[in-house]
Amino acid sequence: MEKVDIKQIETEVKPPVASKGVVGWARANLFNTWFNSILTLVTLFVLWKTVPPFFRWAIVDSLWFSTGEACRGTEGACWSVIPANIRFILFGFFPYQLQWRPLLAMVILVVLLFYSRDRRHWNNSLVYAWVAGLFAMGLLMKGGILGLVEVESTQWGGLPLTLMLSVFGLAAAYPLGVVLALGRQSKMPAVKALCVVYIEMIRGVPLITLLFMSSIVFPLFLPEGVTVNVILRAQVAIIMFTAAYIAEVVRGGLQGMSTGQYEAAESLGLNYYQTMRLVILPQALKIVIPPTVSQLISALKDTSLVVIIALYDLLKTTQSVLSDPSWMAFSSEAYIFVALIYFFCCYFMSSYSRRLEKELDTGL
Amino acid sequence: MPDNNTTENSLPTGDAIIEIIGMHKWYGEFHVLQDINLTVKKKERIVICGPSGSGKSTLIRCINRLEEHQRGKIIVDGIELTNDVKNVEKIRAEVGMVFQHFNLFPHLTIVENLTLGPIWVRKTPKKEAEETAMYYLEKVHIAEQAQKFPGQLSGGQQQRVAIARSLCMKPNVMLFDEPTSALDPEMIKEVLDVMIDLAQEGMTMLVVTHEMGFAKSVAHRVLFMDYGQIVEQNTPSEFFDNPQHDRTKLFLSQIL
Amino acid sequence: MQPNQDKVQRGAPPATVPFYNDPKKRAILFQIVTLLMVGLLAFYLISNTLTNLDKQSIATGLGFLQKESAFEIGESPIPYSAADTYGRALVVGFLNTLIVSSVGIIITIILGTLLGIARLSTNWLVSKLAGVYIEVLQDIPVLLQLFFWYAFFYNILPSPRSALNPIVGVFLSNRGLVFAVPEAHPVYKYMAIAVVVAGVVIYFLRRWAKQRQARTGKIFPVLRVSLALVIGFPLLTWAIGGAPTAMNVPVLKGFNFIGGTNISPEFTALLLGLILYTAAFVAEVVRAGIQSVSKGQTEAAMSLGLKSAQVLNQVILPQALRVIIPPLTSQMLNLTKNSSLAVAIGYPDFVSVAGTTINQTGQAIEGVALMMVVYLTLSLLTSAFMNWYNKKTALVER
Numbered sequence: 001m002e003k004v005d006i007k008q009i010e011t012e013v014k015p016p017v018a019s020k021g022v023v024g025w026a027r028a029n030l031f032n033t034w035f036n037s038i039l040t041l042v043t044l045f046v047l048w049k050t051v052p053p054f055f056r057w058a059i060v061d062s063l064w065f066s067t068g069e070a071c072r073g074t075e076g077a078c079w080s081v082i083p084a085n086i087r088f089i090l091f092g093f094f095p096y097q098l099q100w101r102p103l104l105a106m107v108i109l110v111v112l113l114f115y116s117r118d119r120r121h122w123n124n125s126l127v128y129a130w131v132a133g134l135f136a137m138g139l140l141m142k143g144g145i146l147g148l149v150e151v152e153s154t155q156w157g158g159l160p161l162t163l164m165l166s167v168f169g170l171a172a173a174y175p176l177g178v179v180l181a182l183g184r185q186s187k188m189p190a191v192k193a194l195c196v197v198y199i200e201m202i203r204g205v206p207l208i209t210l211l212f213m214s215s216i217v218f219p220l221f222l223p224e225g226v227t228v229n230v231i232l233r234a235q236v237a238i239i240m241f242t243a244a245y246i247a248e249v250v251r252g253g254l255q256g257m258s259t260g261q262y263e264a265a266e267s268l269g270l271n272y273y274q275t276m277r278l279v280i281l282p283q284a285l286k287i288v289i290p291p292t293v294s295q296l297i298s299a300l301k302d303t304s305l306v307v308i309i310a311l312y313d314l315l316k317t318t319q320s321v322l323s324d325p326s327w328m329a330f331s332s333e334a335y336i337f338v339a340l341i342y343f344f345c346c347y348f349m350s351s352y353s354r355r356l357e358k359e360l361d362t363g364l
Numbered sequence: 001m002p003d004n005n006t007t008e009n010s011l012p013t014g015d016a017i018i019e020i021i022g023m024h025k026w027y028g029e030f031h032v033l034q035d036i037n038l039t040v041k042k043k044e045r046i047v048i049c050g051p052s053g054s055g056k057s058t059l060i061r062c063i064n065r066l067e068e069h070q071r072g073k074i075i076v077d078g079i080e081l082t083n084d085v086k087n088v089e090k091i092r093a094e095v096g097m098v099f100q101h102f103n104l105f106p107h108l109t110i111v112e113n114l115t116l117g118p119i120w121v122r123k124t125p126k127k128e129a130e131e132t133a134m135y136y137l138e139k140v141h142i143a144e145q146a147q148k149f150p151g152q153l154s155g156g157q158q159q160r161v162a163i164a165r166s167l168c169m170k171p172n173v174m175l176f177d178e179p180t181s182a183l184d185p186e187m188i189k190e191v192l193d194v195m196i197d198l199a200q201e202g203m204t205m206l207v208v209t210h211e212m213g214f215a216k217s218v219a220h221r222v223l224f225m226d227y228g229q230i231v232e233q234n235t236p237s238e239f240f241d242n243p244q245h246d247r248t249k250l251f252l253s254q255i256l
Numbered sequence: 001m002q003p004n005q006d007k008v009q010r011g012a013p014p015a016t017v018p019f020y021n022d023p024k025k026r027a028i029l030f031q032i033v034t035l036l037m038v039g040l041l042a043f044y045l046i047s048n049t050l051t052n053l054d055k056q057s058i059a060t061g062l063g064f065l066q067k068e069s070a071f072e073i074g075e076s077p078i079p080y081s082a083a084d085t086y087g088r089a090l091v092v093g094f095l096n097t098l099i100v101s102s103v104g105i106i107i108t109i110i111l112g113t114l115l116g117i118a119r120l121s122t123n124w125l126v127s128k129l130a131g132v133y134i135e136v137l138q139d140i141p142v143l144l145q146l147f148f149w150y151a152f153f154y155n156i157l158p159s160p161r162s163a164l165n166p167i168v169g170v171f172l173s174n175r176g177l178v179f180a181v182p183e184a185h186p187v188y189k190y191m192a193i194a195v196v197v198a199g200v201v202i203y204f205l206r207r208w209a210k211q212r213q214a215r216t217g218k219i220f221p222v223l224r225v226s227l228a229l230v231i232g233f234p235l236l237t238w239a240i241g242g243a244p245t246a247m248n249v250p251v252l253k254g255f256n257f258i259g260g261t262n263i264s265p266e267f268t269a270l271l272l273g274l275i276l277y278t279a280a281f282v283a284e285v286v287r288a289g290i291q292s293v294s295k296g297q298t299e300a301a302m303s304l305g306l307k308s309a310q311v312l313n314q315v316i317l318p319q320a321l322r323v324i325i326p327p328l329t330s331q332m333l334n335l336t337k338n339s340s341l342a343v344a345i346g347y348p349d350f351v352s353v354a355g356t357t358i359n360q361t362g363q364a365i366e367g368v369a370l371m372m373v374v375y376l377t378l379s380l381l382t383s384a385f386m387n388w389y390n391k392k393t394a395l396v397e398r
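Chains Z, B and A supply the protein sequences, listed in that same order. The first sequence begins at 1 in our numbering and counts up one residue at a time. The second sequence begins at 1 in our numbering and counts up one residue at a time. The third sequence begins at 1 in our numbering and counts up one residue at a time.
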């Protein structure tokens, strides 16, 4: 019969010193095995070789507000290409004095996005707020009423054009995608076939082919004399493209719904449209918000392709600046600047999406 | 449940198969195991119980090096557990482990699950390994499922397969980490019956569990752990009828 | 209480349901209406198109494929000149797409896997750096990355006269990457055959080793022997063939290099941009795949006494690959689709050549349709493969 007394640990026994603090952290994370130690040393060496020269180029030797001439004289980065051309890069051909309008439109968009981040604000009035916001943005760009000077869409460009193509693209593609997803799930063979063909065809081709189609083939579809401007055609192509991807995302959500939900709705006597609108879609769409945000990020990146059909989005305005002989040699700096803009937009959206995914995971 | 108290409850005499001396373990600053001293003799059966977070799972996971201890010694079957990879491999081949969540390999059939260890660790020819596998599958009463996949079996069936899988390595010690905690109530009995059969054949067992009926009928010793320390250990009858420490009394009052 | 008998007579035929309430008939009606609407729309579009094409005197049909193309293509794996047909030009474009896609896919898989593993490394520095790479490269549009690399090659790299010479025989300039290749010699053909022979031998060796293990339990070091064969056979052939060491070294003549092999800046920029971008996505796919295998699997395998390599090969990889292969195939398809952006930096891939063809013949519909058909075929082949793979490796469950 063994009985063991609890030894009151008089002197608190501490963990071994080499596993605590900075030293402990370094040992555990950087040098815990032979292989890791070598890896750390090699990586530090590579960093030491590349980071200081880059730092010197980008910051120490760089010029920020000079002319192209002065830039050619130095070895550092010529960031001046940005401030010197910023209004054109950001706004394209939009009339100089009226550029407060696209600026205001972008501000409205950013405000709406920040407001939508908080899940407590998700209700029907948010949808109305978005519709009103999008309408206001379109109005600010186009003008023509309420005392605003009309600005032809051929003069829209730069960042507002990029944002508009993505946001309007996703906003219009979303309902279309939901309809396509429902159609693909349908038990009616003709409807299902049409939806499957559309979705698979669009997903199987690169966006560039659709953009080519929009710029050279769409005009042939229209009766004589009717023309639709290039931006609208590109927007339609982007909408058609994004809708197919949204359809697959929503399909994932619909397939994740248990049959119990459908059965419960049926036993209450709801018809198809009521079931979808009141029971299935609210749940399915909520589940797939993270991949939908991911789709928005892709849409933002994909708008850069309109450069190939000569629309003056953010990428093309930058390229035009670079075709000016005085700034031609500084393409790296200009591209890095544009990359930073895209990166910030996409990074905020993707980290939001990850945060949302974590929240929704535990919540459901 | 067959009553073992009369035949097997006297403490086995014989060599120690596991010795833990002055063992401490920390997770960062958290002292999860404090000054553990334990000797397990051959054919001895020990049940470890205690509230969650007391370190009981961590303790048995240290024995087959799924967790590392920072201070003290653990000696299994004469081999000391250190960072030496060869020692660890030898010990793992002698110590079998059954997990709370079974951890069967879903991409292999039941038979393949059982022959994986013998083929790759003991370098057994395939036919011999399969014969051993069928022998143990029959022992746990599940031979007819041999060609199925884990995903096709119920929880109780999977756990019995997991026990057979460990037995195929012919271990000297079996560790059980809450083997029935993830099972539906009606399946607990079938797994406990297999464990009792194992006990009757003289296997050395360390079992972390809340199944006190099992402890009463099968264990030689019951250990109570709390806050990383072994608070009390005794024979089952003494432990349940005559708990010495307040913490033990509190724990028993909550679960019995 | 008498049951109400006058409403439903037993034995009477079932009451006919008006067709607008019968769900089956409603469905048929709905489909007919939908098809009619789609058909009408198609008819409208097609008739407009035919009128417009007629008005602009644009030909229809694929007859243009036989006509002389009258444009040059910058790089081509098969002989091509402006006197060849549009059909041949399109084939050249297609081959260029295949070349950049295949090379891209192979290198991306290697780089992406390394990155994914690095992301999971216990080394904090390596893991964080991999994470930064993945995050940054994923969030910048691929076209922008392509422009950047193209500008890098044209603006930053010097002209051939002052080309960079990082290793002997390798020159980097704004005319492309030139490097020395072994001088043509019959032994190289035999070396290629030797590699294939080694492959066959390895196949049979693996089979024999497996059977031997099943019989006796002894494990044969297949990996090491295979590596030795794959390197040894060609090396042996080379030695027997006279051990030729003559190299075709690029030499600067005038404004450019003669000799060696040249890889154009367009190809390099396209390849680099595609690889670096897609590898970031592949890294995430690999990471997710490895993490999808629960820790308990590793613990159970280790508890049986398996060594690390065995745990990886027998337990982790089979399960991880199931999760990795489908999205990996998607990414490879994305890379192929993104290669169509070559048109923006002047590499003559299929879309680029088709675009030029459209410009010259005016036959936009046929041109765009050809583009779509080519990529659709590649996509459908990939989907078919993915479906087959998924079915073959699906875990059997209740």
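These aren't lab readings, by the way, just hints derived from the structure by calculation. Even for Gly, the Cβ is constructed at its ideal location relative to N, Cα and C. Accuracy of the hints is not assured; some may be wrong.
As the list claims (entries may be wrong) - Stretches of chain Z that chain A covers, calculated by requiring three or more beta carbons in the stretch to come under 8 Å of a beta carbon on chain A:
(1) 36-49
(2) 105-113
(3) 170-176
(4) 235-241
(5) 251-260
Said to hold, decoys possible - Heads up, simulated SDA-like pairs for lysine to any residue below, C-alpha to C-alpha not over 25 Å straight-line:
(6) LYS286(Z) with ILE309(Z)
(7) LYS170(B) with SER379(A)
(8) LYS192(Z) with ARG212(A)
(9) LYS295(A) with GLU128(B)
(10) LYS391(A) with GLY346(A)
(11) LYS25(A) with ARG87(Z)
(12) LYS392(A) with MET372(A)
(13) LYS42(B) with ASP184(B)
(14) LYS218(A) with GLN200(B)
(15) LYS24(A) with ARG277(Z)
(16) LYS295(A) with SER121(A)
Okay, the hints, checked on the actual structure:
1. Judged by the Cβ-Cβ criterion of 8 Å, the stretch 36-49 of chain Z is covered by chain A as claimed, because 5 of its residues qualify and three suffice.
2. Chain A is given as covering the stretch 105-113 of chain Z, and this is violated because 0 residues of the stretch bring a CB closer than 8 Å to a CB of that chain, at least three being needed.
3. Counting residues of the stretch 170-176 of chain Z whose beta carbon lies closer than 8 Å to any beta carbon of chain A gives 0, which falls short of the minimum of three for the stated coverage.
4. A stretch counts as covered by a chain when three or more of its residues have a beta carbon under 8 Å from one of that chain; for the stretch 235-241 of chain Z and chain A the count is 0, and the coverage is violated.
5. Given as covered by chain A, the stretch 251-260 of chain Z fails the check, having 0 residues with a CB less than 8 Å from a CB of that chain where 3 are the minimum.
6. Among the hinted pairs, LYS286(Z) with ILE309(Z) is inconsistent with the structure: their alpha-carbon atoms are about 36 Å apart, more than 25 Å.
7. Of the pairs offered as hints, the one joining LYS170(B) and SER379(A) is violated, with about 52 Å between alpha carbons and a cut-off of 25 Å exceeded.
8. For the suggested pair LYS192(Z) and ARG212(A), the alpha carbons sit about 53 Å apart, so the restraint of at most 25 Å is broken.
9. About 30 Å separates the Cα atoms of LYS295(A) and GLU128(B), which puts this hinted pair outside 25 Å; it is violated.
10. Our distance criterion of 25 Å between C-alpha atoms is broken by LYS391(A) and GLY346(A), whose separation comes to about 41 Å.
11. Distance restraint check for LYS25(A) and ARG87(Z): the Cα-Cα separation of roughly 61 Å exceeds the 25 Å cut-off, and the hinted pair is therefore not satisfied.
12. A distance of roughly 30 Å separates the Cα atoms of LYS392(A) and MET372(A); the hinted pair therefore is violated under the 25 Å criterion.
13. Between LYS42(B) and ASP184(B) the CA atoms are separated by roughly 32 Å; this puts the pair beyond 25 Å, and the hint is violated.
14. With a C-alpha separation of about 35 Å, the suggested pairing of LYS218(A) with GLN200(B) is violated against the 25 Å cut-off.
15. For the proposed pair LYS24(A) and ARG277(Z), the alpha carbon gap of about 22 Å is at most 25 Å, so the pair holds.
16. With a C-alpha separation of about 15 Å, the suggested pairing of LYS295(A) with SER121(A) holds against the 25 Å cut-off.
Checked against the numbered hints above, the structure violates hints 2, 3, 4, 5, 6, 7, 8, 9, 10, 11, 12, 13 and 14; every other hint is satisfied.
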